[in-house]
Each structure stands twice: as C-alpha cells, then as structure tokens.
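Enquirer: Using the sequences provided together with the hints, build the complete structure.
Residue numbers are given in our numbering: position 414 of the sequence shown equals residue 437, and the series is strictly consecutive.
Among the hints, a few may not be true.
[Said to hold, decoys possible] If you anchor each label on the Cβ, the simulated ranges turn out as follows:
#	residue 1	residue 2	range
1	E154	R191	43 to 51 Å
2	D91	E472	28 to 36 Å
3	P471	P374	20 to 28 Å
4	R142	P192	28 to 36 Å
5	E397	G180	39 to 47 Å
6	G473	T387	43 to 51 Å
Please keep in mind that the hints were generated in silico from the structure rather than gathered at the bench.
We treat Cβ as the ideally placed atom computed from N, Cα and C, and that holds for glycine.
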Amino acid sequence: MSGRRVVAVVGGGAAGVLASVALLRRTDADVVLIESGELGGGVAYGASARPWQLLNSRAGAMSAYPDDPGHFVRWAGVEACDFMPRRAYGHYLREVLDWAALAHPGRFRWVRGRVSDVRTDPLVILDDGREVRADDVVLALGNPVSGQPPGLPSALGEDPSFVADPWRPGALDNLPHDRPVLLIGTGLTAVDVTLTLAATEPARTPGTSGAARTSATPPAGATAHAAGAANMNGTAQAGGTAQVSNAQVGSAADKSSAADQSSAVGGSSAAPAWGQKPARDPAAQSWEEVLCGEATVGDLDAGPGAFWDGPVWGGPDREQARGLNTTGASDRVIIAYSRRGMLPLGHVERPADLDFPDLTGKSTLREIIRAVRESASTATDWRAVVDGLRPQTDAVWGRLADRDRDAFLRHLARLWECHRHRMAPPVAARIAHLRETGRLIVRKGAPPEGLPKAAIVNCAGPGRLPGAATGLTATLLRKGLARVGPYGLGLDVDHDGRIHRNIWVLGPLRRGVRWETTAVPEIRSQARDLAEEIATTGLERAA
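Expert: Printed below as a string of structure tokens:
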C-alpha cells in the first residue's frame, strides 16, 4: 500500500464489511480488513447458515448504504417487505465489498488471520506473530459469546450433553432422536436451533418479484463494477462481472396463495406434559393488553413478573402460514425453557405505516410507557408502534435515570426483545406448527433434573462482560485498554464509539452506552459516522 493513512478493521463479519465499505467511500485512507474466515459471513450470514434461516428484518431495512436504502431490494430483485435468506445477505455483503474495492483500487487489503492484541501505537498483532501497523483501528468483533444462563443449576451446565455454543460447526449434528433436546432460552437463538433440529426447511423462499438478479447495479459512485469483480487485494479478476446465481441468493420465489396449514397459536402458561400437544390459550395476553392495560411502572417495584407474567405468543394468522412444509420432518421433540417462557413474536406480511409515539419531554420510564400506551390504543397494529419507537430508542435510553434503566433491564427488556426482534412470517408459521403438533414445548423455569434428554443446548444469547469476554476482547480488558461498559452489555465507549483516541468499536460491543446497536440499520449508520470522524481527525492530525 501507499504512504496514505491506514485504518485496520478487525473482524470481517457484517459490521467489519460495512465499516470497510464506509471507510473506502468516505475517506482517502487505506483499509486493511483482518479476518480469518469468510468475509461478510460471521455467525449470522455465513456459509453455515441454513436455507430455512431467514433475515429477521425486511429486505427494505437491509441496504448496506445509509444514503441508498433501496439498494439491497434492487440487488435481490424482491419487494421491500420480503424476508430473504441470511446466506443471500452474506453474498450481498461480499459483493458490496467487491464494488467498493473496485471503485477505490489499491486501497483495500484482506489479511487472513486472527488478532491476538492491539497496542495504542496502534499496532495490531496477529496470533501467528505478524503485525499490521495502522493509524486507526476499528474493532468489529460482534457479540460476546453465549454466557452461562443465570440461575441454571450447576449440574445442568456440567452435564456431558451440554452444548455451550450452538453455533459451533457440528454442535447439533447426530443428536439422538429418541429423547428430547432441551433448550435453555426461548429467544431468536432458540428459534434457529429449533428449526435446525426439526430439519425441515420451508417449501418456498419469500419473495415476489421473480428470481433474484444474477448481478446488480452498484451504488452511485462505484463506476468500476463493469471492469470485473475485485479480489480481496483490491485488484480486478479476469472474467468480467461477478455473478451471483439464483441458488446463491436463495432465489426469491413467487408468492403462493395462503396455505391453510397453521392456525393462530396461543400460549399457555401451564406447559403440557412431555410430548403432549400444547393447549391453545385464547386468553393469552398480547402486547396491546400490556400497553393499554392497567399495569403501571409502579408495579415493577413488586418484583419480577409483576408487570408481565403471562405467555407471549402472537403467532401468525392462517394466511401467514405460506410456505410451510411438514413432509419428511424429524420426529424429535424439543423443550425450550426460560425464566418467562416467552417466544419472539412474528412479523405480519404487510407492515402498517409507522406510528411514532410522542416522547417529547418524556424522561422517566413511567412517562414513556404511558406515551407508548396512548399510541398503541389508536394504532392499527402494535408493530407500527414498536417500529416507530426504534429511531428514538437510543435517545430514550440515554436520558433514563439509572433506576429506570435497572427496572427496564430487570422487568421489561425481555418483553421488549420479544416484540422488537420478530420472526419472519414463514419462520413464525413453522414454529407455530411445531408447537401445535407437540414437537416444540415451551416452559417457564429450568429443566427438572433427571429428565431424559439427547442434549441440553444453551440458547441464552450473548453473555455479559467480563465473563463472556473471549479472545481479543478479553485481552483488551485484562490489560486495561478497554473497560466493561454499563451493565456488562458491552464496552465503555465515548459518544463516537472510541475506547482510545484511535481505537474504535463498532456494533454490538457498544451496547449499554447505546441500546439499538446490533442490527444492520444502526451498524451501517455507525460505520458512516465513524468513517466521517476518521476523515475529520485525519485532516486535523495532518494539520
């Protein structure tokens, strides 16, 4: 590379790719992306993603470019409201990176390796002894590893069948079918694990506008696309434009008419016996009841469960069961346990217009909940209210007092996650069917000791720091270069996301200082802002 300023990006998942693209587009720095595995993949979008694992957000929210929100929709050839396979999104991220490297030749390099340490010089040290000297370092390290679920009996965590990391390649392979698999956690990780264990993929992939495109037009400014696909050293490969096949992107199939294969599902707070078909509970509380009911923030002081202790399961309507295929299904029974027994809710196929609660001047949790209830009481769909809150969430989190943050984390965070991070309609339909047929059972509490089982799978999601810190994060904490952030959710960063004047953090490890920092719309905006700040500080240092 030239004598230009160098920015090293550590981690090549979605956040690392988005950061690299933003740096190439918005600065004149050389970019070194350090990643030992597949670029743009990571846990969520890599080659190990199964065909039935769909994005939890609509295609219209997943563009890599804050200034071109429709780019992913055009690339995939689908409608903005569709849900694409995660593996397809990994292909998209790699092609976006190719475009950026082509448009800025000679400025991008991929170093295959694993980083073991970062110094404030800054110097990036790889575990094989190689060194990368840079002017700035961006840490795009993803979520902390899964933590030991709080309250889990030690005997279960020490059980030889305990699977601590369900994302480890092969972790779920070859489990016996004659005994149930126990899941610890009922969030989106548990949903992914359930679909994998059930080993049945949807018959159709969502999409409406015909097959996905084999090639797409790069965003404005990326004029070098026609010259050929860029390799990871920033030079063009022979052979012309990179092709992404329909199979690679999970070809968006034509929408079929609604299949009457799944009914709306309720949840029962009294879980059925093992193997028994769960009973439908038409009286199960919904988000609307929570928002518009009689519970108040004062009820939070009564202890866990006082504000919300009912089952959460909205499930899809009959017409949202499109694509459900139960032929050839595994007969394995899965029992999912969590403190509240709450599953994520589902998206509707066509979203309502956003409803933005008026939070002007609202600084307490009580005031915010009251404002949200008022919006929900007149909204067409509660999802419009939840999604309308999203642009305001970080500002709300930032002005809450510590006492209100504590109350939210203890009593409302799980409820919020169930409604904020939802399942794609075909996934919700599949989960509903598994529950109705007794193959997925959701219970409150921990598994009883002595229950016959094929495995116990930890689906509790990211753990809290410092206990869940591994690799580079653990090293930075141990040497004092990084500090644990609020509530152990991430690292302690400044307003711009820095842990040091030239070491930046992007994505999930900002959580705690921010609340919304794990999804693509927030990460791409962070990447843009980070690149612009690096460009500005580079000019200041040069002066």
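Enquirer: Next, verify each hint and record whether it holds.
Expert: Hint by hint, here is what the structure shows:
Between E154 and R191 the beta carbons are some 29 Å apart, a value that contradicts the proposed interval 43 to 51 Å. For the pair D91 and E472, the supplied restraint of 28 to 36 Å is violated, since their beta-carbon distance comes to about 54 Å. About 41 Å separates the C-beta atoms of P471 and P374, a value inconsistent with the hinted range of 20 to 28 Å. At roughly 32 Å, the beta-carbon separation of R142 and P192 lies within the given 28 to 36 Å, and the hint holds.
For E397 and G180, the hinted distance range of 39 to 47 Å is satisfied, since their beta carbons lie about 44 Å from each other. A hinted range of 43 to 51 Å holds for the C-beta pair G473 and T387, which are about 46 Å apart.
When the structure is compared with the earlier hints, violations turn up for hints 1, 2 and 3 and for no others.
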